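Chains as they are written, first to last, in the working numbering: chain F, 1000 to 1154; chain V, 33 to 503; chain H, 33 to 503.
Hints in this document: simulated from the structure, not taken from any laboratory.
Careful: at least some of the hints might be erroneous.
Residues of chain V clear of chain H, computed beta-carbon distances all greater than 10 Å [as the list claims (entries may be wrong)]:
{"id": "1", "residue": "E58"}
{"id": "2", "residue": "V62"}
{"id": "3", "residue": "G64"}
{"id": "4", "residue": "R93"}
{"id": "5", "residue": "K168"}
{"id": "6", "residue": "P186"}
{"id": "7", "residue": "M239"}
{"id": "8", "residue": "A397"}
{"id": "9", "residue": "E437"}
Label-pair distances were calculated between CB atoms; the ranges are [stated by the list, open to error]:
{"id": "10", "chain 1": "H", "residue 1": "V78", "chain 2": "V", "residue 2": "S319", "range": "34 to 40 Å"}
{"id": "11", "chain 1": "F", "residue 1": "N1042", "chain 2": "V", "residue 2": "P361", "range": "51 to 57 Å"}
{"id": "12", "chain 1": "H", "residue 1": "V78", "chain 2": "V", "residue 2": "T238", "range": "54 to 60 Å"}
{"id": "13", "chain 1": "F", "residue 1": "T1150", "chain 2": "H", "residue 2": "V78", "range": "38 to 44 Å"}
{"id": "14", "chain 1": "V", "residue 1": "P460", "chain 2": "H", "residue 2": "G121", "range": "24 to 30 Å"}
As the structure is a computational prediction, the values presented were derived from the model and not from experiment.
All C-beta atoms in this analysis are idealised placements derived from N, C-alpha and C, irrespective of residue type, glycine included.
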Amino acid sequence: MDAANGMRGSTLIAIILGLLLGLAAGIGGYTFLYAKGASYLTNDPAACANCHVMQSQYDQWLVSSHRSVAVCNDCHTPPGFIPKYFTKALNGFNHSYAFTTGWFHEPIQINERNRQVTEQACRKCHENIVQAIEGPHRPGQELSCIRCHSTVGHF
Amino acid sequence: LVNIFEHKQEARNPFYRVVEIDDQTEDPAVWGKNFPMQYDQYKKTVDQVRTRYGGSEALPRTPDEADPRSIVAQSRLEEDPRLKTMWAGYAFAADFREERGHAYMLEDQTFTQRQVVKQQPGTCMHCHASVYLPYKKLGNGDLMAGFEKMNQMPYQEARKLVTHPVACIDCHDPETMQLRVTRPGFIEGIRTLKAAQGVENFDVNTMATRQEMRAYVCGQCHVEYYFKGPEKRLTYPWHKGLKVDEILAYYDEEGFKDWEHAETGAPALKAQHPEFEMWNQGIHARSGVACADCHMPYTRVGSLKISDHHVRSPVLNINNACQTCHKWPEEELRARIHTIQDRTFAMRNLAMDALVALINDLKIARQAAAPVEQIARAQDFQRKAQFYLDFIEAENSMGFHADQEAVRILAQSIDFARQGQMALRGVPGLPTVQTVSAPPPAQRTTPEVGGVAPGREGGAAPGAAPGRTGG
Amino acid sequence: LVNIFEHKQEARNPFYRVVEIDDQTEDPAVWGKNFPMQYDQYKKTVDQVRTRYGGSEALPRTPDEADPRSIVAQSRLEEDPRLKTMWAGYAFAADFREERGHAYMLEDQTFTQRQVVKQQPGTCMHCHASVYLPYKKLGNGDLMAGFEKMNQMPYQEARKLVTHPVACIDCHDPETMQLRVTRPGFIEGIRTLKAAQGVENFDVNTMATRQEMRAYVCGQCHVEYYFKGPEKRLTYPWHKGLKVDEILAYYDEEGFKDWEHAETGAPALKAQHPEFEMWNQGIHARSGVACADCHMPYTRVGSLKISDHHVRSPVLNINNACQTCHKWPEEELRARIHTIQDRTFAMRNLAMDALVALINDLKIARQAAAPVEQIARAQDFQRKAQFYLDFIEAENSMGFHADQEAVRILAQSIDFARQGQMALRGVPGLPTVQTVSAPPPAQRTTPEVGGVAPGREGGAAPGAAPGRTGG
Ligand SMILES: [Ca+2]
Ligand SMILES: [Ca+2]
């Protein structure tokens, strides 16, 4: 597991990017297909749950305040076509890779990049109500929604 | 791809500037024109509602020449007469009331009996009025210079220079509305603290994170303090750290005492509202939860979320103050607060009894002309027991801000008081300050661990204060 | 690739019943055929790793006739010699070691020196062996009857009737694998407790929720207990409640003592591993977090989540044990545990010094033939101080299970010990048990509140024990 943590470094990302060009190839690619990796390309939350390791989030999402208003991708992918599918591809590959090898930290933790994506996702929908509290601030001092609302999508 | 995290800046101007406000605008009513919601809530701090251990009770009184107030908060001295014995000979034994909302800070300070029994310095103003502009005027634009000048005035003179209780300008930059610290006491205090932690010349207004500022603006006033030297310079005793042990060690080193106890002659210290210090020892501070998160929680007004400027007890506002983070029913959360507070209160009473017992013993021993060495040691134990107990008694959350630490401090206070009684009965031993900032035990019990030597009464502790106890 | 196919396979069928197991199947190895993963983890409880305050150290020793063990856990008596003074005259002063994994429970009990210095009853077996079947055999199918029979045997005889340490059958129904309580001590104890809370004839195996069972199966053994009457009936002293004050009040009422202190003649009590009782006072219990959540957290084996049957210190398994609920880095979580434990440990040392000081004073006073009334009161204070301190000393989380309560209890222990010393010096006053289960204060200080009367040394407390102190 430690080894894996190490491997999921920038070098790995680089390798992944390379592989992504000629997708479908490589172990990750295989899993990607096998484990209905296409799920990453749909918006159907059930698709995420194709991986049982996503099951708990899925189950909790079903009873969350957002079940009827936001699907996984609303919170876990950035707005805009290209960024969205870049993120999907990157995560899809990361997760397929991790799932296949079984190398990942448990409990699963959101990584820094995806946390940022999610923070922005909140604003996508709640920009208006929070505009007063966002305020002007020095770079890197954005208000974190998750600090207080980490359970809106699932516990 | 790269800039997917860019922010829409135009979204960041939620209000119309009805009037221009700048660094000369003191009157909150004027700021209120631009921020009517926050201003309306700010004015609500006149409300008085009592909780089990907090809030405040509105007691009617007939105004008179000396004191025009028609409503005051309940007297803590009447609620617990033991406090008079504890503070005998100090102004607090004359008048000490439950604190209430920010709206009252200036009048409550002006008319407390503590002003009558003792001539107070201008320093007091630092935390009871909007002093930002007055300081600057007094210092011809230099905040620090004005601060130093006002400290040395008699209170009544300084009083003439201020108009408002804490106001918008004291916590906000009028241009950006960002939080700022305007209090010299905190600016210097936090710099000293950070230095002790290895961070040189820390400038709070440029180096603190936004989340830290949500606690620092409160730390400007809700802290332990003393008036240093003849200049009566307001000083926060954080030179060794924020823990009670570290603060006492500093006072001992300085040889400082607030007063000499009337009944025992002990060189005593008065602890005052160390909310910031205690909060720092608690699990919430550790988890990045700031004062404002609980005392100014976001609240929805119309289509906007704003910070609730009705600063008050969270017990009166549990759904906004607690429930976003803790998905428990309101009743359960109230019960959790009370469980913590009831435990603390029970130990506070035990410690109070122990201290009062020591004071009585000392009185008798002095009349009976007991050995001076015994008296001296007992007086030092009283100084310690009193400061530790007062640190929790004066802290206003009745243990909630740091529940285990609060009771830890009371346990130590009890031990000090009882050892003092024993000293008067000829039991030898060294006064010590037990500290939990001791180096972690490599293994379970070695003499070093927890600073207690097996078998010995007390035992020298790491970080313990040198023999000298001031006064 | 193979890996994924397996994931999909395992996901579908959690286990195959390779062999038939029923209520007669004692050997865990047999159960292990159906549940190989849980069995493999179960066997891992032989591992010995030390944490700052827990786990255990594997110390090699040369086996001999009397004691064939080649590895034991470290001796707590050697780590802290004050324990020998505290327990003078009781078997624990002869041998007391850090506890280790479940795999060792039977041999550690069989070969402890406490067996040598004192003839122990068969009752001991209740918590150190798989007694479910032995009890039933002994009682011809009646668990309770077997329990009563074994209690009255000498230990060595009872020992012949058992084979395994705690096994699957002790916590699981072989048909459904559901949790079940098999221990008469707990079945009766919890019924008594519920009755005191107004719930009549509570039957744990039919009336407890699944989450409660995740703590109750541990509460079968990790509790304070005593042997009642000549029948040596194993009894959990929960008749008035689970708090230390309530347990002492019960013992006082029963006039029970574990032993007479060798150096002072005090009617002393020995507290033993009250994990269940302390956990009940903590925030986790309040939040519905059970023992199994932290000590047997779900862990991924292949693609299955199973309960980690390697029961051990969560400090050795923070990611599974804590991070599911607390999204903090492992280092931070470890630091939080240590902060709580270091504070508790420091106060435990303070209380230990106070108790040892009282014991020494009592020894001298008895030699000097001090007034019997003084001696008696000091002995009662020793009984109380000793039991309160031991309650935390014997509890194995060093305060973590209920951090504020642990220090609250130590604070009270310190006060008792010091008051005992004072009693020997002629200071009058009533021995009291301070209790925080006191009715909530209507307002801040009234004599009733927290059970402490202002000005008085101690003061009678609600729920306090009647004068009688047993022994
Ligand atoms: Ca108040
Ligand atoms: Ca252990």
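Status of each hint after checking the structure:
Distance check on V:E58: its Cβ is at least 37 Å (rounded) from any Cβ of chain H, clearing the 10 Å threshold; non-interface status holds. Once the 10 Å rule is applied to beta carbons, V:V62 is consistent with being away from chain H; the minimum gap is 39 Å. The non-interface label for V:G64 is consistent with chain H: the shortest C-beta to C-beta separation is roughly 35 Å, beyond 10 Å. Listed as outside the interface, V:R93 is consistent with that label: its C-beta sits roughly 18 Å from the nearest C-beta of chain H, beyond the 10 Å cut-off.
Its beta-carbon lying about 41 Å from the closest one in chain H, V:K168 satisfies the requirement of being farther than 10 Å from that chain. In this structure V:P186 is separated from chain H by more than 10 Å, as the shortest Cβ-Cβ distance comes to about 34 Å. Non-interface status of V:M239 relative to chain H is upheld: no Cβ of that chain comes within 10 Å, the nearest being about 23 Å off. Against chain H, the non-interface label of V:A397 holds: every CB pair exceeds 10 Å, the least being about 12 Å.
The claim that V:E437 is not at the interface with chain H is violated, since a C-beta of that chain comes within 10 Å of its own (minimum 7 Å). Look at H:V78 against V:S319: about 37 Å separates their beta carbons, and that is inside 34 to 40 Å. Look at F:N1042 against V:P361: about 35 Å separates their beta carbons, and that is not inside 51 to 57 Å. Remark: the range hint 54 to 60 Å for H:V78 to V:T238 is upheld by a beta-carbon distance near 57 Å.
The hinted range of 38 to 44 Å is satisfied by F:T1150 and H:V78, whose Cβ atoms lie roughly 40 Å apart. As the Cβ distance of V:P460 to H:G121 is approximately 28 Å, the hint placing it in 24 to 30 Å holds.
Hint compliance for this structure: hints 9 and 11 are not met, and every other hint is.
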